[in-house]
Each structure stands twice: as C-alpha cells, then as structure tokens.
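Q: Here's the letter readout for the chains.
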Amino acid sequence: MNLTLKIWRQKDTSSKGQMVDYKVTEISEHMSFLEMMDVLNEQLVNSGEEPVAFDHDCREGICGMCSMYINGEAHGPDRGITTCQLHMRMFNDGDTITIEPFRAAAFPVIKDLVVDRTSFDRIQHAGGYISVNTSGNTQDANAIPISKHAADEAMDAATCIGCGACVATCKNSSAMLFVGAKVSQYALLPQGQVEAADRVQNMVAQMDLEGFGNCTNTGACEVECPKGISLDNIARMNRELMKASI
Amino acid sequence: MGGFFKSSIGRKVAMALSAFFLMFFLIMHLSVNLLSLFSEDAFNTASHFMGTNPVVQFALQPVLIIGVVFHFVMGFILELKNRKAQGVSYAKNNGAANSTWMSRNMIYSGIAILAFILLHFIDFWIPEINTKYVLGDMSGMHDGSLRYYHELVEKFHNPLRVGAYVVAFIFLGLHLAHGFTSAFQSMGSTAGRKKALQNFGKIYSIAIPLGFIVIALFHHLFNNH
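First to last, the protein sequences are chains A and B.
Using the numbering used here, you'd call the opening residue of the first sequence number 343 and step up by one each time.
Using the numbering used here, you'd call the opening residue of the second sequence number 123 and step up by one each time.
The hints are simulated quantities; they were obtained by calculation from the structure and are not laboratory data.
Even for Gly, the Cβ is constructed at its ideal location relative to N, Cα and C.
Heads up, some of the hints might be wrong.
[What the hints assert, rightly or not] Short, incomplete list of chain B residues facing chain A, as computed with Cβ under 8 Å:
1. S129
2. V135
3. L200
4. K206
5. N215
6. N220
7. H242
8. S311
9. T312
10. N321
Please model the entire structure based on the sequences and the hints provided.
A: Dropping the structure here:
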C-alpha cells in the first residue's frame, strides 16, 4: 500500500517543531507500524535526510518504549496493543496517517517522536517498591497466604509497562492510571501493605510535582492502555490516599 | 488533612463531595417545584417553609452557596491546571474513540449551568432576599396570599426565559450524565463502574432536568394568565 505520513519533526527540546509530509510506497499490510517507520527512515537515509527519531526496544509489546500518537490515538487505532503490535492492515491504501509524539508538559519532546518519560521513573523512585531485605533470609513466597482475588488484581495492576499512553490520551495529561496501577500492585499484597500509607502519599506528591494533570474520570486511559489497566486502580489509589491522610 | 486537600486527589474528592451535596439539593429543589404542577397551596406552603425555616435558611442555604461557589471555583482552577499540564495540543486528536462527549466537556456544560444560576439568582433569589432581609417582610405574602406560586407563574410568561431554562437544563443533564458516576469514582468507590449505579445515574441525569423542563413548560403553556 502507498501512504502519506504527516510526522512531527522537532530538532531538540528547545526548538520549535512542525508537521512534515512524507510518502512511503509498497508497504506490506503484514508489517508492524514500526517496520513501516523503518522503511521510511531507510528512504530518508538513502536520500541524505535526517531519519525520524522514535522510541522502540523489544518490539513485542512488553517494554513500553514505543510511543507515538497515531491518527489521534495513543498507539494508533487498535485496542490492547503498543505501537510495535499495530499492523499496517489496520490502514488502507492511500491513507494519510498523522504521527505525533505523546503530548504532556511532563513528557517534553527530546527529538521528533521521542519524549522524555523519566517523570514516571521519579514517581516510581518515590515509593514504587517494597523495602524488603533479601540478603540470605528470603521467606518462601508461598508461606504468606494471599487470596486468589487479591493476587489476580495485583497481577493485573502489575502488568502496567509504564508506556505513558494513559497520559498521552488523557485530556488532562493525568498520570493517575499509571500511579494507580503502581500503588495498587503493592497495596493489594501483604508485603506491600506495610509501607502503603507512605507509598501512596509520596507517589501522589511526586506525580503532582512533575506537573501531571487531574483525573476527571473520562475513562479514555483505560480504553487506550495496551495492558487494559482498569480504572478501578485509580479508585483504589484515591481510597488509599484518603486512608493514609486520615 | 491540609496536605490532602492540596493534592490532586484531595481536590477530586472535594469536587465529588460538593457534587454529592448539589445532587441531593437538586432532588429537594425539584420535589418542591413539582408540587406547583398539582397544587398552588401545597407549593406555597412548602416554599414558605423552605424560605422561613431557620435550619434551611441559616444552615443548609449557606452550605449550598459555599458548595456551589466552591464547585465552580475549584472546577475552573482544575481546568486551568489541566490545560497547563497538557502542553502542546495534538494536531489530530480522536477523543470520541475512547471517551464520551459529556466527560470531555464538563467545563462547558458547567459554564452553561453557571450562566443559568446567575439568571436564576436575578429571577428568584435576589428578589427573595430583598423582600425578606432588606424590606424585612418575612411573611411571604402578596395581596393577602403567599406570593411564591404567583411569582413562579409570572416568571414563566416570557418564552425567552423559558427557552433559556430548557437549554440550561439540557446542559445540566449532560453535566450529570458524567458527573454522577464520576463522583463515586473520585471518592474511591468502584460502585459508579457497576451497571446498577450507572443505570441509576442515567435515570437521575435525565429525570432531574426533565422534571424542571416540564415545570417550566407547564406553567408557560397551561398556566399563562
């Protein structure tokens, strides 16, 4: 298929970016979206132009690196996927595809489609862990009784890959689905409950400090999340913060 | 607790708490107004009670005013913060793919409701406060009978006002369609995500505005003397 691509080009964080049009031809419908981008970049390199910078790593939907806002949706027009799992068969021959970086004040553009998501790392550092001493005296995990329900919910929350699609999609650039998932995966388990109050307070404080917006419960994040993280995690985070503050 | 209400989540909770109070108030207000469809006397008696009862006047009314003002001011503050958090806008953004129009446009339905409240204050609240607390007439009387019903009917003579009320209530319905379940989510309850409460929210967000619309149209069409 032959496509027209409208791609955001920006030299670096401080320079002003703009949309630039490109044409790609003979794109196979079996290609992933990133492979299509590779074809474009080969074309650009061969003609002596600067290739389009974009994030990618595992290319199998588990690392959370590939971003891109494609035709007005984070990771493009499909559900439960990252951009590397988006296939060109979702598009038609002759389509014009708009490709932009994830937008949020807390995700500044580094170059072209690459954004700085280290704000997520700093939120994790603020409390997304448990302080268990594992040097030589690790307890058998099965010795701690955990209900099936809690284990399943914690596991579902832990599938968050921190890609930032929730923030990119949210009209308020809120990070509450991400932080809600991280808070929940520990709050649901006995090992995490010991530090639950400090964790939620510190992570929410860091989230606010990074300049993410406020959740207005539109539910867009849950729809666009490649891992299907539930809005219930945001409700749980709200409960946890209330509990910790009273 | 001071830190809590400064946090993003604390502000959501405060929005939800004021929303719950306002949603309860709407039920009360509609209940009294519905009486006007059936009995002039019942409506007058209920209005006189609400207008003179010290608990309603000096406990509920100040809470209501604070609740309304807080909900609007905090709504605007959060909207501004959220716009700042957004940074550069997308060239192409397909919001309809993942969320409802109502949920994305609470600020606009809210502004429409605010405009309505200003009109409503000029229509009813300011004359009421003026009669009672400036002129000192606590009787609620007009030509020997309670004035409330007469006042209501008179206000709905003007088709422009009736039209403005109807449009405002449609916006109220749109605001409630998202706001009702959203308030539960903000309070940390997943009940708003369950079918039962979602259905109740739908009924509530249609029934309340529709009730007010019916009252306005009824007095305009059938009681226009």
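Q: Next, verify each hint and record whether it holds.
A: Right, here's what the structure says about each hint:
At about 6 Å, the closest approach between the beta carbon of S129 (chain B) and any beta carbon in chain A falls short of 8 Å, and the interface hint on this residue holds. Here the hint on V135 (chain B) is kept, as its CB sits about 7 Å from the closest CB of chain A, short of 8 Å. Here the hint on L200 (chain B) is kept, as its CB sits about 5 Å from the closest CB of chain A, short of 8 Å. Taken as an interface hint, K206 (chain B) checks out: its beta carbon lies about 6 Å from the nearest beta carbon of chain A, inside 8 Å.
Here the hint on N215 (chain B) is kept, as its CB sits about 5 Å from the closest CB of chain A, short of 8 Å. Hint on N220 (chain B) holds. Least Cβ distance to chain A is approximately 4 Å, under the 8 Å limit. Residue-level restraint check for H242 (chain B) is violated (minimum Cβ-Cβ distance to chain A is 25 Å; threshold 8 Å). Because the closest C-beta pair between S311 (chain B) and chain A is about 6 Å apart, less than 8 Å, the hint holds.
Interface hint status for T312 (chain B): upheld, as the beta-carbon distance to the closest one in chain A is roughly 5 Å, under 8 Å. With its C-beta approaching chain A no nearer than about 17 Å, N321 (chain B) sits outside the 8 Å limit, and its interface hint is violated.
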